[in-house]
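K.L.:
Could you build all of it, start to finish, from the sequences and the hints given here?
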Amino acid sequence: MTASDVRPAQHAPPPPAPPGRLAALRADVGASLVVFLVAVPLSLGIALASGAPIMAGIIAAVVGGVVAGLLGGSPLQVSGPAAGLTVVVAELVARFGWQVTCLITVGAGLLQIVFGLLRVARFSQAIPPAVVHGMLAGIGLTIVLGQLHVVLGGTPPSGAVESLLGLPARLLAADPAAAAVGGVTITMLLAWPLVPKAVRAVPGPLVAVVAATAVAVIWPAVPRVDLPGGLLESIALPSVLPTGDWAGIAGGILTVALIASVESLLSAVAVDRMRRPDGSQGPRTRPDRELIGQGAANGVSGLLGGLPVTGVIVRSSANVRAGARTRASTVLHGVWIAVFAIALIGIIELVPLAALAGLLIMVGLQLVKPVDVTQARRHGDLAVYLATIAGVLALNLLEGVGVGLAVAGFLMLRRALSANLQHEPPAAEGEPHRVVVGGTLSFLSVPALARTLGAVPPGAPVQVDLVVDYLDHAAYDHLDTWTTRHRASGAPTEVTEPPGAGGARRGRYATWSQWQGSEANPLLAGVAAFHEESAALRPTLRSLGSGQAPAGLLLTCADSRVVPSVITRSGPGDLFTVQNVGNLVAGTSARAAVQYATTVLRVPTLAVCGHSGCGAMRGLLDGTAEGALGDWLRAATPSLEAFRSGHPVGAAALRDGFGEAEALAMVNVAVQLDALEHTGADLVGLFFDIPTARVLTLDREAREFRH
Numbered sequence: 157m158t159a160s161d162v163r164p165a166q167h168a169p170p171p172p173a174p175p176g177r178l179a180a181l182r183a184d185v186g187a188s189l190v191v192f193l194v195a196v197p198l199s200l201g202i203a204l205a206s207g208a209p210i211m212a213g214i215i216a217a218v219v220g221g222v223v224a225g226l227l228g229g230s231p232l233q234v235s236g237p238a239a240g241l242t243v244v245v246a247e248l249v250a251r252f253g254w255q256v257t258c259l260i261t262v263g264a265g266l267l268q269i270v271f272g273l274l275r276v277a278r279f280s281q282a283i284p285p286a287v288v289h290g291m292l293a294g295i296g297l298t299i300v301l302g303q304l305h306v307v308l309g310g311t312p313p314s315g316a317v318e319s320l321l322g323l324p325a326r327l328l329a330a331d332p333a334a335a336a337v338g339g340v341t342i343t344m345l346l347a348w349p350l351v352p353k354a355v356r357a358v359p360g361p362l363v364a365v366v367a368a369t370a371v372a373v374i375w376p377a378v379p380r381v382d383l384p385g386g387l388l389e390s391i392a393l394p395s396v397l398p399t400g401d402w403a404g405i406a407g408g409i410l411t412v413a414l415i416a417s418v419e420s421l422l423s424a425v426a427v428d429r430m431r432r433p434d435g436s437q438g439p440r441t442r443p444d445r446e447l448i449g450q451g452a453a454n455g456v457s458g459l460l461g462g463l464p465v466t467g468v469i470v471r472s473s474a475n476v477r478a479g480a481r482t483r484a485s486t487v488l489h490g491v492w493i494a495v496f497a498i499a500l501i502g503i504i505e506l507v508p509l510a511a512l513a514g515l516l517i518m519v520g521l522q523l524v525k526p527v528d529v530t531q532a533r534r535h536g537d538l539a540v541y542l543a544t545i546a547g548v549l550a551l552n553l554l555e556g557v558g559v560g561l562a563v564a565g566f567l568m569l570r571r572a573l574s575a576n577l578q579h580e581p582p583a584a585e586g587e588p589h590r591v592v593v594g595g596t597l598s599f600l601s602v603p604a605l606a607r608t609l610g611a612v613p614p615g616a617p618v619q620v621d622l623v624v625d626y627l628d629h630a631a632y633d634h635l636d637t638w639t640t641r642h643r644a645s646g647a648p649t650e651v652t653e654p655p656g657a658g659g660a661r662r663g664r665y666a667t668w669s670q671w672q673g674s675e676a677n678p679l680l681a682g683v684a685a686f687h688e689e690s691a692a693l694r695p696t697l698r699s700l701g702s703g704q705a706p707a708g709l710l711l712t713c714a715d716s717r718v719v720p721s722v723i724t725r726s727g728p729g730d731l732f733t734v735q736n737v738g739n740l741v742a743g744t745s746a747r748a749a750v751q752y753a754t755t756v757l758r759v760p761t762l763a764v765c766g767h768s769g770c771g772a773m774r775g776l777l778d779g780t781a782e783g784a785l786g787d788w789l790r791a792a793t794p795s796l797e798a799f800r801s802g803h804p805v806g807a808a809a810l811r812d813g814f815g816e817a818e819a820l821a822m823v824n825v826a827v828q829l830d831a832l833e834h835t836g837a838d839l840v841g842l843f844f845d846i847p848t849a850r851v852l853t854l855d856r857e858a859r860e861f862r863h
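Numbering-wise (this note's numbering), the sequence shown opens with residue 157 and increments by one.
To be clear, the hints were calculated from the coordinates, so they are not data collected in a lab. Predicted, not measured: the structure shown is a model, and the values here were computed from it. Careful: at least some of the hints might be erroneous.
[Stated by the list, open to error] Okay, the calculated beta carbon distance ranges per label pair: (1) S721 - G253: 19 to 25 Å; (2) G536 - A604: 15 to 21 Å; (3) T755 - L410: 56 to 62 Å; (4) L350 - A849: 35 to 41 Å; (5) R445 - E857: 32 to 38 Å; (6) D838 - K525: 17 to 23 Å; (7) A354 - I498: 28 to 34 Å; (8) A849 - G802: 28 to 34 Å.
All residues carry an ideal CB built from backbone N, CA and C; glycine is no exception.
P.N.:
And the structure:
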């Protein structure tokens, strides 16, 4: 998403005229050829991993390109057989056979069409990301474990656990020729990102499979793709009807429909984020129409004997980056695959199975993303992520997702019912004990509340700070009984409830005016509120008492609307912060801060953050700043000159609908980062768009701000 996605509609310029049809067609033809070269080896490999006929992958690729391309709601998304469904399809083929699996694919397609007509796409956002990412990681690991057997010259066992347990024996009986061919594929894919950019225009999967096929000439006995016929001969309506186990078939239909829908919608969101901001790559995704298009494609693919179809991010990203303009690119890529499968079918039979297995191992590993682990840990959902992976590996996909959802529900319930209960002994003689009661208190919290209150010695003075979101009758009754009894013993007992309790709550982002009365001094009232609510923070501050080790330096504007801890969700000790008018790397103060941060604190990251509605940038642009402010803003003259000279960051901002002052503020961020290049630190450019509460990030290579 670029800056144009977050600006209010009234500020956006008129959309540019659509590109000429001939220019768009040229771009689409070129992009479709790139995607075709990516899709063919992936489609073959996914069919192999699914236990389906090899041509089923080609049929699904053709149908996904043509049908989903014509009917779907994401013009630039490319659909076809996907790694995310290999485990499910393999289980269905093993359980019901290929013909019934095709009928299940048809049923899943019809269900997806119903989903689209009922407009349920928005409900996919309710699935916890940790469950989705864990599901994909579990699928990826299952693929890797199974295809390792193929690379070693064997056949994949039926499940992840069986694959893992069978690896030692497979290693002892490994086929050196197959292992060498698979190793060439994996090595080529690992090395491909390191080759010159011009060479990388050729898709890595294609190069890897071609190289492995060439190497396999040395070993004629290496197993290769065996096709019973061409594309047209492989097309056939399912001829076997299910005779029982209707519950299993219904479960298969639901599983395929749900996974295909979620994966397609996730891919469509990612495609929208990669689109150009100038509108030259068509409209954004219509999720419900996308479900209808995916459902139609699955219905046709199943009827013709193909694998299930989903939107595939690998192909879609290749399509966008190759410059596709319209859905014609997606459709044409399907046409090229059909022509290839009809006219050049003999080439496919030269490909070693170990080469496709090596390709699938890399595809499976790409589903296990370190960033997903980091995000799950940051949001407290690592247990959900790991439980989903374990469930998928040990049980099956549907039950694994169920395990993940169950863990997510348990954690949600625990968080909803958790209470922040703390007892602080007196810091000095004569001071009271302090008990902080916060969060949500229900009857389930009463035992913990009793333990916390029981830590106060009988007869000792105590202050109870009540900062709760909810207090049910059982918890209230226990607290009231304890305070009454403690007070009756002669001990000074005070129960305080912070200002705003029972009325406007002091949230993390609440301003003083939202919770303070007009009679208070806002600054002093804020300090008092901090003292009342800082119990949970005190251990952190105590650990920081001996020094700091911030993760980065943030230079931003002194504007009251720009609160670093709010826009970065940071806390004490996280950021070394410098604020001045216009966020300039100028003057002794700012330069001293940069020097201290980089040489003493050794922060790895330096960030500069501008913002919308900046008075300094407006004054610089208009030339109205006088006195000390005018003297200070002379340091920003290089930013003004760069903006007026057509700096790419400013041009992109103006094109995205920002005003001149905002565009200048963005250029100023880029110029200040240039002034920090000598530090050798990682540099990050940010822009806080206040009306939309969005923080945009500077892509220094593309020279524009994105979200």
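K.L.:
Against each hint, give a clear statement of whether it holds in the structure.
P.N.:
Quick rundown of the hints versus the structure:
no.	hint	result
1	S721 - G253: 19 to 25 Å	violated (60 Å)
2	G536 - A604: 15 to 21 Å	holds (19 Å)
3	T755 - L410: 56 to 62 Å	holds (60 Å)
4	L350 - A849: 35 to 41 Å	holds (40 Å)
5	R445 - E857: 32 to 38 Å	holds (33 Å)
6	D838 - K525: 17 to 23 Å	holds (21 Å)
7	A354 - I498: 28 to 34 Å	holds (32 Å)
8	A849 - G802: 28 to 34 Å	holds (30 Å)
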